[in-house]
Amino acid sequence: MPRLVRALHALERAYSPGHHGRWSARRRSALVDEAVRDLTEGVPGSVAVVALGGYGREVLCPGSDIDLMVLHAERRPERVREAAERLFYPFWDAGLPLGHAVRTVEESVRGARERLDVACSLLDARLVAGNRGLFDRLDDGIRRQLSRDRQAFLERLVADGRARYERFGSCSAMLEPDLKEGSGGLRDVHSLPWAGRALFGGRGLADLQRHGLLRAAERSALEEAEEFLVRLRGALHLATGKRADRLVLDFQPSLAEAFGFEATAGLEATDALMRALFEHARQVEHVREAFFGRLEAEIEDALTVEPPSGPEDVLGAFAASARTDRPLAASSLDALEAADLGPSPFRWTEPGRRAFLEILRAGPAGERALEAMDRAGLLSRFLPEWAAARCRPQRDPYHRFSVDVHLLRTAAEAAILLAGQTSDAVAGRAADAVGDPDALLLGAFLHDIGKTGRGGHVAEGARVARGVLGRMGVADQVREDAVFLVAEHLLLPDTATRRDLDDENLVLDVAARVGTPERLAMLYLLTVADAAATGPHAWTPWRQALVRELVAKVEDVFERGDMGVDRAAALEERKAAIRSLLAGDARVERFLERMPRAYLLAVPPEAAAAHLELVMPPLARAEVRTAASPGSRPGTHDLTVVALDRPGLLAKIAGAVALAGLNILSAQAFTTEDGVAADLFVVEPAFAEEIEEERWRRMRTDLRKALEGRISLEYRVVEKRRHYPPPRADVPVAVTVDNRASRFSTVVEVGAADRIGLLFDLARTFHELELDVHLAKVATYGGRVVDAFYVRDLFGRKVEDPEQTAEIERAIRARLGG
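Plus 24 on top of the position in the sequence shown (first one is 1) and you've got our numbering.
In case anyone wonders, no lab produced these hints; they're calculated from the structure.
Each hint should be verified, as a subset may be incorrect.
To be verified - Once the Cα atoms are required to be at most 16 Å apart in a straight line, the calculated EDC-like pairs of lysine to aspartate or glutamate come out as:
1) Lys822 - Glu773
2) Lys599 - Asp580
3) Lys599 - Glu617
4) Lys577 - Glu613
5) Lys577 - Asp662
6) Lys822 - Glu794
7) Lys801 - Asp762
8) Lys577 - Asp527
9) Lys822 - Asp662
10) Lys599 - Asp609
11) Lys801 - Asp662
12) Lys801 - Asp778
13) Lys729 - Asp662
14) Lys822 - Asp762
15) Lys801 - Glu773
16) Lys822 - Asp526
17) Lys577 - Asp526
18) Lys599 - Glu630
19) Lys599 - Asp533
Being a predicted model, the structure only gives us computed values, none of them experimental.
Can you make the complete structure from the sequences, with help from the hints?
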């Protein structure tokens, strides 16, 4: 046994991860065979020493268990026990990992019937030493047992594959895959020969091919995958110094180097290793699924199509597979794979485009058809851009799958939502609002196509998607909507989870970027589908609630007409004009970001550009900045007042203006996102035709004193009012409190006779009610004034308590004498 240990250690030192995986594994098995035969000299003739599992397949990695069974037909238990001890103890003494069992043929067959793992281990059984006839009895008993219950065994194999996927995940997508038990791993490779053994007594992949259950290309893919997986698992055992099947992140860099992977443009060496693993595991998963699908369909039920005469026939065949949800027959796949698609890139035609869209509309069945196209190497031939995303790892805490799998699943999830197969009521309403489903399906299929390691994936994805869709020849509107979805697919989740949804500017910005209610509906459906295809942490109840809140607020903006395609275009035009007027000023983008969207839409670009110097420099607490210029109508003046926002500011400004003997003809009050008030007034002198500089100076002085609490504006305005004519008695006071006009604010509309200090009275009333005025629109029509105030409470909320809204109306009427 020391000689065996030395030989195994020498083999480990000579082990080359990049080259000698199965050779080393077979050599290890041969060395163990020699030791077993040495140790079993002189055993009773009624005993056979049998290799099981990986040792039975002659594939022993450095840390693998050596699974041995002493098979016997001995009626004297002490003789069997002595033989087993002579065999097992030297392995234990040498510190070699040993799986051991002592059974009769009958016990072995019964164990195979009762437990799948025992059955699979025995299917790999190999006689190492001892009684050949006894081993043949075991082999015959296992085959007869499986033949009697063949269908149940196949169903158990399929169920085991699903259970392993649920427990261990997939080797074709997970960043830390289990190379043995994970879906697409070694256990899946071995499941096909096990099935063949049960079906017709076959002993390998070659037998499956001879019986027409496996295509030549599929057999080759499995053999290459097994070789790679064995090499990688053996290298992992050496790196960890123990049996380890999960390829954790810490060991991936050193294994990538050992396997000779190097970093390339857009792909790190570690990702290159994982991509190679994903590609092999993907083939294993696809072949395994196709194989068991053929068995389940009893082969004859697989879809057979005529040999293709052109590329449109190839796409049509996969469309038929998606439409019927039936796997294509092996012979048909061979013919499709060998079809001539013409020059690259593929020249799309209407029939080909129609077939491809039919595949996308088929949902999960379409996903399976596209996976079949992918494993046949056809998807990248139709769409060369697919190759860069294929089997590419995604290293973030949310994604469970590689880029291409994620794209296929997202498209399938989008089709499910469009079909109304969801308990999400918001998604159901959104699906009803989508006029043409093709834009959403194409956007979902391509939304992450820019994840190629070459810059930001969103911008790159939009560029690639535009090229793909242009070459496909889809309708202009479908192309533009699909490219929009690719460019903005993160807009809703990122905004909802990272920004303040009570910020009206934010919601207006989102509405402007989205443009139309239909695009909002498609974007929400893509967000839901993307999350479902990503993983459970991508669509938690918290994230879902935030996204839905944002969608509802943007919907309100569209319904009220506050934003739409025309207004979004107007907003962009205003921004562009301001940028042009302020060209060279580094502060212009921050200025545009700070100012409310209602301000940018309401204020002419020339005036807005002039306001930059008032708004952008930091303000002291009591500082007031003003600018006055002749108005657009004779005898009027435009007045801009900028100060730090605070409770009652609008009232103090209105009071100071009234004390200066000025009538307010219109007013608009805006507040920036960081609390700077920019209030715009159109004023006229109450008596004199001109407003001399002294009056402007007095107005600024009174306002500053009021802000500092050094004068009482209320007393002075009452005194000032005595020198002016009384308001008209025939104009009644009208007060309306509306909570439907705005998602964010309560709108209070007041109609009353004009009088000196009217805006001061109204603004002061809101201040006393502890309401903050976020926007004010004041207009004077002869002797009548109609004012609209957008107000919120001290917590930034709308006023929705009926008692409080009634109090607002009572307070205003009491203040105005109405």
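Hint-by-hint comparison with the structure:
1. Lys822 - Glu773: Given that 16 Å is the threshold and the Cα spacing comes to 15 Å, the pair holds.
2. Lys599 - Asp580: Not OK: Lys599 and Asp580 at ~24 Å, beyond 16 Å, violated.
3. Lys599 - Glu617: 10 Å, holds
4. Lys577 - Glu613: Answer violated: Lys577 to Glu613 is near 25 Å, above 16 Å.
5. Lys577 - Asp662: 34 Å, violated
6. Lys822 - Glu794: 12 Å, holds
7. Lys801 - Asp762: Within the cut-off at roughly 15 Å; holds.
8. Lys577 - Asp527: 11 Å, holds
9. Lys822 - Asp662: With Cα atoms ~31 Å apart, Lys822 and Asp662 exceed 16 Å; violated.
10. Lys599 - Asp609: 14 Å, holds
11. Lys801 - Asp662: 15 Å, holds
12. Lys801 - Asp778: 15 Å, holds
13. Lys729 - Asp662: 23 Å, violated
14. Lys822 - Asp762: 10 Å, holds
15. Lys801 - Glu773: 9 Å, holds
16. Lys822 - Asp526: 10 Å, holds
17. Lys577 - Asp526: 9 Å, holds
18. Lys599 - Glu630: 11 Å, holds
19. Lys599 - Asp533: With Cα atoms ~12 Å apart, Lys599 and Asp533 stay inside 16 Å; holds.
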